[in-house]
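Sequences are here, hints too, so could you generate the full structure?
For the record, the sequence lines run as chains A and B.
The working numbering puts the first sequence at residues 38 to 605.
The working numbering puts the second sequence at residues 38 to 605.
Just so you know, not all the hints are guaranteed correct.
For identical chains, the list gives no copy identity; a pair is met inside one copy or between any two copies.
[Unchecked claim] No more than 27 Å apart at the CA atoms, straight line, and that leaves these computed lysine-lysine pairs for DSSO-like:
hint: 1; residue 1: Lys477; residue 2: Lys522
hint: 2; residue 1: Lys234; residue 2: Lys370
hint: 3; residue 1: Lys39; residue 2: Lys234
hint: 4; residue 1: Lys370; residue 2: Lys392
hint: 5; residue 1: Lys58; residue 2: Lys234
hint: 6; residue 1: Lys88; residue 2: Lys234
hint: 7; residue 1: Lys371; residue 2: Lys58
Derived from the structure by calculation, the hints contain no laboratory data.
2 protein chains.
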Amino acid sequence: MKKLLLSGGTVINVFTGELEKANVLIYDTHIVGVGDYTAEDADLVEDVTGKLICPGFVDGHIHIESTMLTPAELTRVCLPHGTTAIVADPHEIANVCGKAGINYMLEMSEGLPMTVYIMLPSCVPATPFDESGAVLTADDLRPFYANRRVLGLAEMMNYVGVVAGDPDVMEKITDAHAHRRVVDGHAPLLSGRSLDKYLLAGIRSDHECSSPEEAKERIRKGQWVMIRQGTAARNLTGLLPLFDEPFSHRCLLVTDDKHPADLIADGHIDSIIRAAGKAGKSVITAIQMATIRAAHCFELQNVGAVAPGYKADLLIRDDLETVAVRDVYCAGKKTVENGKILPFAEPVAKDENRKTVLNSFFIDPLTKDDFRISESGSKCRVIRIMPGQLLTDEWITEVDRDRDDGIDVARDILKLAVVERHMHTGHKGIGYINGIGLKKGAIASSVSHDSHNLIVIGTNDADMVVAANRILSMGGGNVVAADGKVIAEMPLPVAGLMTTAPAAEIAEQNRRVRQAVHALGAPETVEPFMNMAFVSLSVIPSLKMTTQGLVDVNTQTRVPLMINDVSR
Amino acid sequence: MKKLLLSGGTVINVFTGELEKANVLIYDTHIVGVGDYTAEDADLVEDVTGKLICPGFVDGHIHIESTMLTPAELTRVCLPHGTTAIVADPHEIANVCGKAGINYMLEMSEGLPMTVYIMLPSCVPATPFDESGAVLTADDLRPFYANRRVLGLAEMMNYVGVVAGDPDVMEKITDAHAHRRVVDGHAPLLSGRSLDKYLLAGIRSDHECSSPEEAKERIRKGQWVMIRQGTAARNLTGLLPLFDEPFSHRCLLVTDDKHPADLIADGHIDSIIRAAGKAGKSVITAIQMATIRAAHCFELQNVGAVAPGYKADLLIRDDLETVAVRDVYCAGKKTVENGKILPFAEPVAKDENRKTVLNSFFIDPLTKDDFRISESGSKCRVIRIMPGQLLTDEWITEVDRDRDDGIDVARDILKLAVVERHMHTGHKGIGYINGIGLKKGAIASSVSHDSHNLIVIGTNDADMVVAANRILSMGGGNVVAADGKVIAEMPLPVAGLMTTAPAAEIAEQNRRVRQAVHALGAPETVEPFMNMAFVSLSVIPSLKMTTQGLVDVNTQTRVPLMINDVSR
Chain A
38 MKKLLLSGGT VINVFTGELE KANVLIYDTH IVGVGDYTAE DADLVEDVTG KLICPGFVDG
98 HIHIESTMLT PAELTRVCLP HGTTAIVADP HEIANVCGKA GINYMLEMSE GLPMTVYIML
158 PSCVPATPFD ESGAVLTADD LRPFYANRRV LGLAEMMNYV GVVAGDPDVM EKITDAHAHR
218 RVVDGHAPLL SGRSLDKYLL AGIRSDHECS SPEEAKERIR KGQWVMIRQG TAARNLTGLL
278 PLFDEPFSHR CLLVTDDKHP ADLIADGHID SIIRAAGKAG KSVITAIQMA TIRAAHCFEL
338 QNVGAVAPGY KADLLIRDDL ETVAVRDVYC AGKKTVENGK ILPFAEPVAK DENRKTVLNS
398 FFIDPLTKDD FRISESGSKC RVIRIMPGQL LTDEWITEVD RDRDDGIDVA RDILKLAVVE
458 RHMHTGHKGI GYINGIGLKK GAIASSVSHD SHNLIVIGTN DADMVVAANR ILSMGGGNVV
518 AADGKVIAEM PLPVAGLMTT APAAEIAEQN RRVRQAVHAL GAPETVEPFM NMAFVSLSVI
578 PSLKMTTQGL VDVNTQTRVP LMINDVSR
Chain B
38 MKKLLLSGGT VINVFTGELE KANVLIYDTH IVGVGDYTAE DADLVEDVTG KLICPGFVDG
98 HIHIESTMLT PAELTRVCLP HGTTAIVADP HEIANVCGKA GINYMLEMSE GLPMTVYIML
158 PSCVPATPFD ESGAVLTADD LRPFYANRRV LGLAEMMNYV GVVAGDPDVM EKITDAHAHR
218 RVVDGHAPLL SGRSLDKYLL AGIRSDHECS SPEEAKERIR KGQWVMIRQG TAARNLTGLL
278 PLFDEPFSHR CLLVTDDKHP ADLIADGHID SIIRAAGKAG KSVITAIQMA TIRAAHCFEL
338 QNVGAVAPGY KADLLIRDDL ETVAVRDVYC AGKKTVENGK ILPFAEPVAK DENRKTVLNS
398 FFIDPLTKDD FRISESGSKC RVIRIMPGQL LTDEWITEVD RDRDDGIDVA RDILKLAVVE
458 RHMHTGHKGI GYINGIGLKK GAIASSVSHD SHNLIVIGTN DADMVVAANR ILSMGGGNVV
518 AADGKVIAEM PLPVAGLMTT APAAEIAEQN RRVRQAVHAL GAPETVEPFM NMAFVSLSVI
578 PSLKMTTQGL VDVNTQTRVP LMINDVSR
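Next up, the structure:
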């Protein structure tokens, strides 16, 4: 192990916000000196004259599954953007594969140059209507706290459970605190008394704030606010006032869900810092949020600063404003040079966990009969997609069951099926959806929040069968089929959620899938796979399709597809 | 359990520094709501119209032993001043009684209305020259982390051990981190490379800073700076610049060592806040240091703020500036009303630990022979006290051994003895001291940092015997004797360090002892008991007396009392 001197640079001091001319001495994995060290103190000298030395950025809340990449591939994408640590919630893979999914993510991220911290998924399954691949109780989660990379309990979405004092929910929270870990929140639009009730459980952050008023109330009541800027949810502009005092010191920066194409085109945490700077806010303040604030939020004692005793996760940068990263050091080792990622050893998961995540479909090949609607009646409930939103509403209309089993492309009434794929139950929900706009063919996906059952939308049963069965044969992914053939596909063989392919490849596959779906008639204003991914999530109003049929989200009750007597 | 509404007040929000008109709802031990709650939400309403509602203050570093009070009595003194939590290092009692001493402090503070957090004494014994009552290794300390009130490892004074990587020192530090606890520092005047080396161990605070430059370097390098204002060490004035940004958010307020008379006359953390305000600094900033900053430093998740889910430790105050406290709530229960402490149940220590701390003298009654100097020689080393300082220097002079065994009151050369009292070893160091100024009589004490052996200074052997033996019969304390009789005394039967008497009584006893010692000739500029308490501590330069004789602090070697051949 040698001593490395970074000589001639200017350190961004995140404790004070000052820029300090100082040399930085690194020994092995840690920073051992900041000050007037010279070449005589070191075995190696790296001249960084005129450059900035910045702590590596931390993403305080991310679902790796949403990037569709393995932790190693995500590392290759994120490190050149200066992210040296992420706090990941493996909520999606846990809903498919349970403990094996969490273990797989821990194993596949062990020893990566980018540190992957894990928050334990708090809500598996996400709702009582979800038929997920696993149920994780407090007893299941507890042993994971033995791992130092496990920082706490991830976003607690079960507001009702928290407020009602549900024993398993409270045990999960109590366990996190007993292990001196933190509990993240997830409670959009909660305020006043409702918020107070939720906070009683000691939930100390939220990443769902969309307005300054909402965020300021959270900060005043002791929560950390995670300013989220991902692919779908983009809260930065709305939350710019938080970059001013007295709020900025209680904020961090997160992406939550960001797709690979956006990561490649736009960047990661660096892009949020850059955007804040362009919007007239202090880049230093944004960097503090992305470094030492994240460390404080998660009680990481030696991360997030360029100081003696801190982990040598740091960035060599040319200037403050562009946030462009030249070189990156992770635990003292250069991992990015001139913007290019250097090779690193990839971790391998244990066989048992790898097999589990690669074999996550427990379902027989489907036939046209599987998509026949068995209920009878004169009118039916159609799920209506609202453009650009995840909200849906209910449209009650007549369908002609004798013609194409009720499918009516002219009125954009397509068939929708959600097929349970974890437990071989044969459960399925079949109905109709409006607003997708396909004129022919069918689409299918294994990404369907939060249980990730098989979901299919089509203009005819035959193409639905083709698309669905292709998902099965790939072990997961997104498929577009037409005229009895697959015309575009993106394999996601890891739990049906992630790929083992490089980011550029998955981004290209994703582009082709989108192109294909629009070629089949879906208007450019609609993202069918995005809508499809949320049409089964019975927490977003108002009408959703689950493996057990339609759910009225507002009343949290199941409702029948067909309505026989409209006067009732 | 009833719901209590504090109605009509203004909350000091320590997250933002704002003052907010809000009602506060308390249920049992915690704050459950802050906002527009009304009488209908509560069982009881307390009208605090026009009053401030402030989080209770936290003392981030205190030795309870220095107050000479039991934790319960200290609670009675501190609560009316608004201190609802202290972070105590039982270093002194641990040096006398080892694990039993720590357990005694934990037991005697269990369930008190003022929360007593404990940091584990890191350096028992404090130096290799110390003959303490116990040696505490990492193995001894580790089990204490099972107690949730144990927040970490206390002030790491062993700079050499840290830098050299002494295995037991490193194990103590590693254990604290492994239990997700913090490590406090103690490294006065350390800077630059020496500081960097010390910080590598992950030592995250210091309370010994005396100049803004020293403190700012600590903050820039990631330490929390504890601004100390006690009885002897008074750093507030020197550190006032820290109350400004960008430094204030990395500071907390501590007393370290404060005597009961000062606590009664002056107050506790409130007095530091008040003084900062009088010096022109923001009282709100000072309150933030005394509350939420302390909570952050020690990673206390639900302490230090008036917010939902936080412990209902709060103060009802009339105004911001005087920091006067009207009522105090601890865990939701009123403990101070109109400035008067309310009765509370006192904890009782386990018999075994109580017996250990109350029987801490293992030494036979002393006779004049015990104080005879056995070495012979023509010249000798006299410890010279420097007025108003704990530093000493060496004065080499001739003494007439045939007359009063070398004592020479005219030249203020008095006899000094340090007698081992823990292990019945019979070890003792006897020599001479200059600068105390006694004209007759003798003084003795069991408070003698950090091993707290029996220490005696006298103008004649007979009075030394009287004073020393009175210490033995009291089981510890401070004594003044003259003409063969005790003329003033302060019993400290708990480990020879603390009293079970009320604060006012010990303050009065202390006043009488001081009066007596000055009546025997010690000038008003000298505090003989203070100097005596540190004359055995071989870390403060330059000549000290231990149970094994004189130590040259600068060379860390023993030196003989008598010098036979001055040319050598």
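task: Find the hints from earlier in the document that the structure breaks and name them by number, from lowest to highest.
output: Checked against the structure, the only hint that fails is number 4, while the rest are satisfied.
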